[in-house]
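Here is how the chains run, residue by residue.
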Amino acid sequence: MLEKAIREELRAIVGEKYFLDTPNELYAYSYDATPIFQAMPDAVVIPGTVEEVSAVLKLANTHGIPIVPRGSGTNLAGGTIPVEGGIVLNMTRFNQIYEIDKQNLTATLGPGVVTADLHQAVEAEGLFYPPDPGSMRISTVGGNMAQCAGGMRGLKYGVTKDYILGLEYVLPSGEVLRCGGKNMKDVAGYDMTRLMVGSEGTLGVITEITVKLLPLPESKRTLVAYYTNLVDAAKTVETVIASKIIPATIEFLDQSTMKVVDDFAKLGLPLEMKSMLLIEQDGPEELVVRDIEKIAEIARQQGAAEVQLAKTPEEGAKLLAARRSALAALSRLRPTTILEDATVPRSRLADMVAEVERVAEKYQLQICTFGHAGDGNLHPTCMTDERDKEEIHRVEQAFEEIFHAAIRMGGTITGEHGVGMAKMNYLDLKVGEGGIQLMKRIKAAFDPNNIMNPGKMFANSGRRRVVVKR
Amino acid sequence: MTRTNQELLAKFNMDEIMNCMHCGFCLPACPTYRETGLESQSPRGRIALMKGVANSQLTVDAEFEKNMYACLGCRACETACPAGVPYGSLVETAREVVEDHKKSETKPPFLRQLVFDRVFPYPERMKTLGTVLWATQSAGLQTLANKTGLINILPREMAEMQQAVDKIASPKERKKREPVMKADGETALRIGMFTGCIMDMMFFETNQATAQLLTKAGCDVVFVENQVCCGALHAHAGEKNGAVELAKRNIEAFERAGVDFVVNNAGGCGAALKEYHHWFHGDPEWQERAMAFVAKVRDANELLAELPPLTFTKPLEVRVTYQDSCHLAHGQGVRNQPRQLLKSIPGLELVEMSGADNCCGSAGIYNITNFDMSMQILDGKMEHVKKTKAHLIVTSNPGCLLQMKKGIIRAGLEGQMEAVHIMDLLARAL
Ligand SMILES: Cc1cc2nc3c(=O)[nH]c(=O)nc-3n(C[C@H](O)[C@H](O)[C@H](O)COP(=O)(O)OP(=O)(O)OC[C@H]3O[C@@H](n4cnc5c(N)ncnc54)[C@H](O)[C@@H]3O)c2cc1C
Ligand code: SF4
Ligand code: SF4
Chain X
1 MLEKAIREEL
11 RAIVGEKYFL
21 DTPNELYAYS
31 YDATPIFQAM
41 PDAVVIPGTV
51 EEVSAVLKLA
61 NTHGIPIVPR
71 GSGTNLAGGT
81 IPVEGGIVLN
91 MTRFNQIYEI
101 DKQNLTATLG
111 PGVVTADLHQ
121 AVEAEGLFYP
131 PDPGSMRIST
141 VGGNMAQCAG
151 GMRGLKYGVT
161 KDYILGLEYV
171 LPSGEVLRCG
181 GKNMKDVAGY
191 DMTRLMVGSE
201 GTLGVITEIT
211 VKLLPLPESK
221 RTLVAYYTNL
231 VDAAKTVETV
241 IASKIIPATI
251 EFLDQSTMKV
261 VDDFAKLGLP
271 LEMKSMLLIE
281 QDGPEELVVR
291 DIEKIAEIAR
301 QQGAAEVQLA
311 KTPEEGAKLL
321 AARRSALAAL
331 SRLRPTTILE
341 DATVPRSRLA
351 DMVAEVERVA
361 EKYQLQICTF
371 GHAGDGNLHP
381 TCMTDERDKE
391 EIHRVEQAFE
401 EIFHAAIRMG
411 GTITGEHGVG
421 MAKMNYLDLK
431 VGEGGIQLMK
441 RIKAAFDPNN
451 IMNPGKMFAN
461 SGRRRVVVKR
Chain F
471 MTRTNQELLA
481 KFNMDEIMNC
491 MHCGFCLPAC
501 PTYRETGLES
511 QSPRGRIALM
521 KGVANSQLTV
531 DAEFEKNMYA
541 CLGCRACETA
551 CPAGVPYGSL
561 VETAREVVED
571 HKKSETKPPF
581 LRQLVFDRVF
591 PYPERMKTLG
601 TVLWATQSAG
611 LQTLANKTGL
621 INILPREMAE
631 MQQAVDKIAS
641 PKERKKREPV
651 MKADGETALR
661 IGMFTGCIMD
671 MMFFETNQAT
681 AQLLTKAGCD
691 VVFVENQVCC
701 GALHAHAGEK
711 NGAVELAKRN
721 IEAFERAGVD
731 FVVNNAGGCG
741 AALKEYHHWF
751 HGDPEWQERA
761 MAFVAKVRDA
771 NELLAELPPL
781 TFTKPLEVRV
791 TYQDSCHLAH
801 GQGVRNQPRQ
811 LLKSIPGLEL
821 VEMSGADNCC
831 GSAGIYNITN
841 FDMSMQILDG
851 KMEHVKKTKA
861 HLIVTSNPGC
871 LLQMKKGIIR
881 AGLEGQMEAV
891 HIMDLLARAL
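For the protein sequence lines, the chains are X and F, in the order given.
So the first sequence is numbered by the numbering used here: it starts at 1 and just counts up by one.
So the second sequence is numbered by the numbering used here: it starts at 471 and just counts up by one.
Check each hint, because a few of them may be wrong.
[As the list claims (entries may be wrong)] Pairwise CB distance ranges, derived in the manner of DEER restraints:
hint, chain 1, residue 1, chain 2, residue 2, range
1, F, K766, X, R11, 51 to 59 Å
2, X, E297, F, E776, 31 to 39 Å
3, X, L267, F, E755, 38 to 46 Å
4, F, R789, X, G181, 45 to 53 Å
5, X, E51, F, I879, 39 to 47 Å
6, X, Q120, F, H861, 50 to 58 Å
7, F, K642, X, D263, 51 to 59 Å
8, F, A480, X, D263, 27 to 35 Å
9, F, E853, X, S243, 45 to 53 Å
No lab work stands behind these hints: they were computed from the structure.
From a predicted model like this one, the values you see are computed outputs, not experimental measurements.
For each residue, glycine too, the CB sits at the ideal point set by N, CA and C.
Chain X with its partners taken away, still in its complex shape:
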């Protein structure tokens, strides 16, 4: 509970309407899209201006109150769970696009703009903002940035960090800073912009974002290839890239995922197949056609049982939409769906999928795998029931093995979802003790009182997965 005087001050800063602390409101911000984790905040504050953000932070900093910035709460790392209580700072009112600069090919916007709304706005001008996380119709650009979200176009176009040019952000002291800007080249000092991207709300609060835009590709084509085994699918991915074609998207679905997605989206997929690849290329018509035909040929050579070209853009869009709903559709199977985010170099894709299968078998769990095959980013997803403590324990063990396998193969513990609470106990596997110490010193420089999203990113206990209830 916050002291009465502090509550009064917060009310005075943002106004009565935007300060919430009734039981229902607090409960509604005690979770995000991450399964199992939950903890209650002491208050929810919804600021409308950078001055308000600054005033809230200053107050919190003085009194040592935790601040948990929040976009749409779709992250899968427990990033917005107020584990140590404090204030959930809901940034959804920062939902304006201030400018689309057609000369410099940039857009400047509030962090609360929903990703798909940004897409729509720039595409109306013939421009293109490539990052497209599966959650784009819900997630905010601020949340994408803070998590450095990836998406299905990562292979050719990169991820969120490749499009953030400049920022305005607020430090816990209340100081408002800017970094980067519209310059494509900018090497004045440390790259603070890059540092803020992926900072997961632990360094400061982002209040304005300038993103880079591209010309909208003229056309796109989609292709599906079905395989009777996993290795041929992985070989297709390798061979396509080795032959110097970089498709916009290569998505992978294993058999169990195919079944569920088909049941949900009624696509009529050949469910006897072991896996499928969904490949999309965009760009000038001629090139796209040439690439897609070449890819189809490679897929056949590498043993695809069936290769289909989407006849119309609508058909292609429908297939990709189905892939986007994979996670949510999987959740129909059991009460709790735990999605992980292990990533390996592309060349180890088949090994990794096989490893996941082995681990699932060993621990007697149902794990489906799908993901961004083009960039080695896999989402082994376990369907379980959080009420069954014994099973959850096996899930923890299974994922621990999967992470170790990823690291062994030269991969990483998370490709796009971030560390948050879900992965903090594995961060050392990837960056080492020295890396953690350096990161902690950076955090202390920004946030000496540790009020920014405390209890995230850095492990404070020996336990691997923590289940928090309050």
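Please build the complex by placing chain F with the ligands on the supplied structure of chain X, with the hints as guidance.
Frame of chain X; chain F with the ligands shown alone:
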């Protein structure tokens, strides 16, 4: 926790609640979330609150009640949800829990009791209400009341909404209705009309038009006796027992009438009629009877789209836009049929508005119980309507029709635009 508390919490189906993986896919579909930006006003948030109550982490209090009733029940979230969470039935259970809880603590408020226990279950009383309304309108009392400020005696919300009510049919007209309307030409099907309580009172002519269309399509139309209100309003308001009673009476009435299909023209009633079998869990005999009944229920749009195409002799040179009824689109999955029917009218031009299947804010009696939010949503809707430059807004549900009439008044478009039920429009072109 008290024993009654536990009993009422046991009503929640924990598995269904747990199936919500809080992915948030439903957020952008939800009108109340779009208006407020608040998690507690989103489907994901409301389900979480239910979970909180079911786990005893939250109490069934005034705040919980407010949040459950702030939902329109439009079920757009169900369409959006890839996990297949049956939100509509969850929120009904939540309201039932609220109402049970209140009953165990206090007496229900008089007005509520009046409406749910004393009027809706009795067709005769609904008819009387209709006659009184007609008499008031005919005697010009409404105008008088408007002018003198007598209107202020009514709660503001009701007074506001009655602005949109058109003149209703006279008792004499009602009496003229024959119990069976014969098919034009050869009889293909015997149809039981579900007349609906409010529908038959306020939109008597729309029911007549529907029956006329069906006879043209080769059906004998029976105005089944002893039918009662569908129970949707009861169910949405947490009055489960009342709803179940009404469902039983309807099932019996239509069984006796021996019809091939049970046809209605109100999206909200239709969705409830199609869900009767879910209301009888733990009562196998009634559940079976309900299933047989449900198998026969069709929306008028649905059935007309399946029957041989109607021949329209009067072309209508108008530009129309179609406002989906939530319970027809999200609840029953009927989206294309009304559009196809509209397009089959010669001369008619259909212009889609953006977000046609977003709730208009009417939602049963929501526009009276949550007037301000309802109007906020309606004003947003009217912006989209305006952009279509349509002359007519077509709907498939009485509540939506009233709301759109109100919207036209609010947007200052009286005289330029008209709201009409699809059955009336189709009948105009016959
Ligand atoms: C169905 C589904 C599919 C998904 N698909 C993908 C995918 O393809 N790729 C991918 O990368 N992720 C994916 N995600 C994960 C999630 O959508 C992303 O992490 C997304 O970027 C989170 O955005 P958000 O607005 O919901 O942020 P939130 O979840 O609210 O917050 C995420 C983090 O950002 C911080 N934050 C938010 N706003 C600010 C701010 N203004 N200033 C500072 N910090 C802030 C928060 O503190 C938190 O640490 C998916 C999630 C779901 C449920
Ligand atoms: S109701 Fe469905 S769409 Fe909404 S959060 Fe739950 S699972 Fe996701
Ligand atoms: S029924 Fe409609 S108003 Fe209610 S939560 Fe679902 S989308 Fe929102």
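Do the hints match the structure? See the list:
{"no.": "1", "hint": "F:K766 with X:R11: 51 to 59 Å", "in the structure": "holds, 57 Å"}
{"no.": "2", "hint": "X:E297 with F:E776: 31 to 39 Å", "in the structure": "violated, 46 Å"}
{"no.": "3", "hint": "X:L267 with F:E755: 38 to 46 Å", "in the structure": "holds, 40 Å"}
{"no.": "4", "hint": "F:R789 with X:G181: 45 to 53 Å", "in the structure": "holds, 48 Å"}
{"no.": "5", "hint": "X:E51 with F:I879: 39 to 47 Å", "in the structure": "holds, 40 Å"}
{"no.": "6", "hint": "X:Q120 with F:H861: 50 to 58 Å", "in the structure": "violated, 29 Å"}
{"no.": "7", "hint": "F:K642 with X:D263: 51 to 59 Å", "in the structure": "holds, 56 Å"}
{"no.": "8", "hint": "F:A480 with X:D263: 27 to 35 Å", "in the structure": "holds, 31 Å"}
{"no.": "9", "hint": "F:E853 with X:S243: 45 to 53 Å", "in the structure": "holds, 51 Å"}
Of the numbered hints given earlier, the model fails hints 2, 6; all others are met.
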